[in-house]
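**Q** Taking the hints into account, I'd like the entire structure generated from these sequences.
If you're matching them up, the sequences are chains A and B in order. Going by this note's numbering, the first residue of the first sequence is number 13, and it counts up by one from there. Going by this note's numbering, the first residue of the second sequence is number 2, and it counts up by one from there.
These are calculated hints, taken from the structure and not from any lab test. One should not assume that every hint holds.
Pairs of lysine to aspartate or glutamate residues, derived as EDC-like cross-links and limited to a Cα-Cα distance of at most 20 Å, are as follows [to be verified]:
1. A:105 to A:192
2. B:110 to B:197
3. B:110 to A:202
4. B:110 to A:104
5. A:105 to A:194
6. A:105 to B:191
7. B:110 to B:193
8. B:110 to A:49
9. A:105 to A:16
10. A:105 to A:49
11. B:110 to B:191
One-sided excerpt, in silico: chain A residues whose CB lies under 8 Å from chain B [what the hints assert, rightly or not]:
12. 118
13. 238
14. 276
15. 290
For each residue, glycine too, the CB sits at the ideal point set by N, CA and C.
This is what each chain is made of:
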Amino acid sequence: MEFDLSLLLNGIVSGLLLGGLYAAAASGLAVSFGMLDIVNIAHPALMVTGAFTVVVLGTWLGLDPLVVAVLQAPLFYVFGIGIYNAYHHFFEKRGDEALQGLAFFFGVMFIIEVGLVMAFGPEQRFLDPSYAYTTWRIGEIDLPLRMLVPGLFAMACIGGLFVYLHRSFTGLAIAAVAQDAEALRLMAIDPVRIKRLAFGISIALASMAGGALVVVQPVEPSSGQVFIGRVFAICIMGGMASLPGCIMAALLFGVVENVTATFFGPSWSPAVAFGWLLLVLAFRPQGLFGKAA
Amino acid sequence: MNANFRFWLGAAGLGLALVAGLRLLGNDYGYFAGYFVLQYVVLAGAWNILGGYAGYVNFGAAGFMAAGAYSAIVVRQWLGWDLIPGIFAAAAVAGLLGLGTGYLTLRLKGVYFSIATLCLAVVLQTLVVNWDYVGGSRGAYIIHARDIPPFNSYSEMLFIVMLVLAIGTTGIGRAVEMSRLGRGLQAIRDNERAAEAVGVPTLRLKLVATTLCGALMGVAGAPLPYYSGYLNPEAAFSLAYAVNAIAMPLIGGAGTWAGPVIGAVLLASLQQAATVTISSALNLWIVGWMLVVFVAVAPRGILGWFRRRG
Numbered sequence: 013m014e015f016d017l018s019l020l021l022n023g024i025v026s027g028l029l030l031g032g033l034y035a036a037a038a039s040g041l042a043v044s045f046g047m048l049d050i051v052n053i054a055h056p057a058l059m060v061t062g063a064f065t066v067v068v069l070g071t072w073l074g075l076d077p078l079v080v081a082v083l084q085a086p087l088f089y090v091f092g093i094g095i096y097n098a099y100h101h102f103f104e105k106r107g108d109e110a111l112q113g114l115a116f117f118f119g120v121m122f123i124i125e126v127g128l129v130m131a132f133g134p135e136q137r138f139l140d141p142s143y144a145y146t147t148w149r150i151g152e153i154d155l156p157l158r159m160l161v162p163g164l165f166a167m168a169c170i171g172g173l174f175v176y177l178h179r180s181f182t183g184l185a186i187a188a189v190a191q192d193a194e195a196l197r198l199m200a201i202d203p204v205r206i207k208r209l210a211f212g213i214s215i216a217l218a219s220m221a222g223g224a225l226v227v228v229q230p231v232e233p234s235s236g237q238v239f240i241g242r243v244f245a246i247c248i249m250g251g252m253a254s255l256p257g258c259i260m261a262a263l264l265f266g267v268v269e270n271v272t273a274t275f276f277g278p279s280w281s282p283a284v285a286f287g288w289l290l291l292v293l294a295f296r297p298q299g300l301f302g303k304a305a
Numbered sequence: 002m003n004a005n006f007r008f009w010l011g012a013a014g015l016g017l018a019l020v021a022g023l024r025l026l027g028n029d030y031g032y033f034a035g036y037f038v039l040q041y042v043v044l045a046g047a048w049n050i051l052g053g054y055a056g057y058v059n060f061g062a063a064g065f066m067a068a069g070a071y072s073a074i075v076v077r078q079w080l081g082w083d084l085i086p087g088i089f090a091a092a093a094v095a096g097l098l099g100l101g102t103g104y105l106t107l108r109l110k111g112v113y114f115s116i117a118t119l120c121l122a123v124v125l126q127t128l129v130v131n132w133d134y135v136g137g138s139r140g141a142y143i144i145h146a147r148d149i150p151p152f153n154s155y156s157e158m159l160f161i162v163m164l165v166l167a168i169g170t171t172g173i174g175r176a177v178e179m180s181r182l183g184r185g186l187q188a189i190r191d192n193e194r195a196a197e198a199v200g201v202p203t204l205r206l207k208l209v210a211t212t213l214c215g216a217l218m219g220v221a222g223a224p225l226p227y228y229s230g231y232l233n234p235e236a237a238f239s240l241a242y243a244v245n246a247i248a249m250p251l252i253g254g255a256g257t258w259a260g261p262v263i264g265a266v267l268l269a270s271l272q273q274a275a276t277v278t279i280s281s282a283l284n285l286w287i288v289g290w291m292l293v294v295f296v297a298v299a300p301r302g303i304l305g306w307f308r309r310r311g
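**A** Following this line, the structure appears as structure tokens:
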């Protein structure tokens, strides 16, 4: 194939936009996996659940998917708290996180995925907002609103989370729980309550990422599977608990994946995720932007 | 008479009784259902070697199994090898796959290995879908001889092959449990740092276990294309294998050689009976719920439950 500069430029720009979506998907995981040390492999499945509820509620209410995503987030927050309560009661308290806890989240992921197949059938669902077919052009570069709007929405969500974690008292407590849960007890704060809250937030973020996902592409019950590799790779590359690192890693990841898809065909993009994950785990497990462990 | 001898004698006796019973029944369905259950005995036993003894969770059972199945297809198309050499090829390929994944991720915390195996299945599926030599997304056909003497039928032969593999896997699991390898793995599960400190070569033992686990999972998959006569990526990488490979040992009792056998026979028979009556999605849904309920309420599985009582 002849090398084409505008193709490469467009690949990079839409990769950045795609990276915005990935950042939204991975930011919730940066809270649960990065800060709380809860290996929530059901995170992408919950994101896809969020996408499906956005389709159902959005069609019913006739609202924009991203508005619905914000409106439904409290429901997922409560759902997340329920999951954490079960996880804490049966696994964390007993010290069984490693094997049984992982199997638990795998089971949850499986139940969600098969449940979605039973409820909605295996076919793809989508919801077209009014701007779905508009594309802005800046010189040679295309900016499809279908990608741009969810990308900006994702950045707004992560920005809100960042301010919350750095400015509010509970936000700081979440960061503290990540560092030393026992020390928090000495401050008369219940670490379990803080973790419950933080896990709820991470699931709410997953559902909002689901809203962004359904604007970008149609979803099917198994959509979450490809995202497992992506979000964990991004989270680890970004240095686990760091939100800026998570965004940087997601943007980089989106660009690499999209340029690969442009030049080698889209069916190869899941392989990129796995390749990166393996390389990062083998050579820089502390992440590209993390401090040396 | 020592315990080893008793185990092999018992296993051989049970195997012969099964074959004789199915011959008396004289129904091909019996062989198919039996094969279905026995492939899960192999898969669950393979998972147990790494997951049960060392406490490292392999989520990629479907990936390793499909690697085995497709290895069997490749050596058949390329070299004209039949089922038995295909099984050895599958063991080699899937074992190397396990070794590679383990080598890259096992120096870190166990969760990274689990996450890597989870993605491995997705990526292998991508590769197979893009690989026209093995049929791509359309799938591959295997046309086999009708009957091979001294067996009554082809399905009886497949059943007996799988029976031998199941007994072999259980025997390997038992041998691992009794050996230095098994005790080392158990030490890793209980406290990896302490094990390292007293001189257990943790990385080497973990690599041996991942290789063995991968190879046996590949072996479980190798006869699959012969069994169904046709294999496409969707069937080979079915999530059902991944969830069953974890649910069966955990429900039966992980970390014991008999646990996976109990779990596999129980769950696979249940699913085989249920596919006739209810939809396959609901069927898998029930397995998912059983997994979650069991790890929450009975983390040591059925065997652990009895041991505590007894």
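**Q** All hints are to be evaluated individually against the structure, with a verdict given for each.
**A** To see whether the hints hold, each was checked on the structure:
Our distance criterion of 20 Å between C-alpha atoms is met by residue 105 (chain A) and residue 192 (chain A), whose separation comes to about 16 Å. Annotation: proposed proximity of residue 110 (chain B) to residue 197 (chain B) holds, straight-line Cα distance about 14 Å (limit 20 Å). Restraint check for residue 110 (chain B) and residue 202 (chain A): not satisfied, since their Cα atoms lie roughly 27 Å apart, outside the 20 Å limit. This hinted pair checks out: residue 110 (chain B) and residue 104 (chain A) have alpha carbons roughly 17 Å apart, not beyond 20 Å.
For the given pair, residue 105 (chain A) sits about 14 Å from residue 194 (chain A) by alpha-carbon distance, which is consistent with the 20 Å threshold. Taking the CA atoms of residue 105 (chain A) and residue 191 (chain B), the gap is about 17 Å. The hint holds against a cut of 20 Å. Distance restraint check for residue 110 (chain B) and residue 193 (chain B): the Cα-Cα separation of roughly 10 Å lies within the 20 Å cut-off, and the hinted pair is therefore satisfied. Taking the CA atoms of residue 110 (chain B) and residue 49 (chain A), the gap is about 12 Å. The hint holds against a cut of 20 Å.
At roughly 57 Å between alpha-carbon atoms, residue 105 (chain A) and residue 16 (chain A) are farther apart than 20 Å, so this suggested pair is violated. Using a Cα cut-off of 20 Å, the hinted pair residue 105 (chain A) and residue 49 (chain A) holds, with the two alpha carbons roughly 14 Å apart. A threshold of 20 Å between alpha carbons decides the hint, and for residue 110 (chain B) with residue 191 (chain B) the separation of about 14 Å falls inside it, so the pair holds. A distance limit of 8 Å between C-beta atoms decides the matter here; for residue 118 (chain A) the minimum to chain B is near 6 Å, and the interface restraint holds.
For the restraint placing residue 238 (chain A) at the interface with chain B, the shortest Cβ-Cβ distance is roughly 6 Å, inside the 8 Å limit, so the hint holds. Checking residue 276 (chain A) against chain B by beta carbon gives a least distance of about 10 Å; that is not within 8 Å, so the hint is violated. With 8 Å as the threshold, the beta carbon of residue 290 (chain A) comes within range of chain B, its nearest partner Cβ sitting at about 5 Å, so the hint holds.
Going through the hint list in order, the structure does not satisfy hints 3, 9 and 14.
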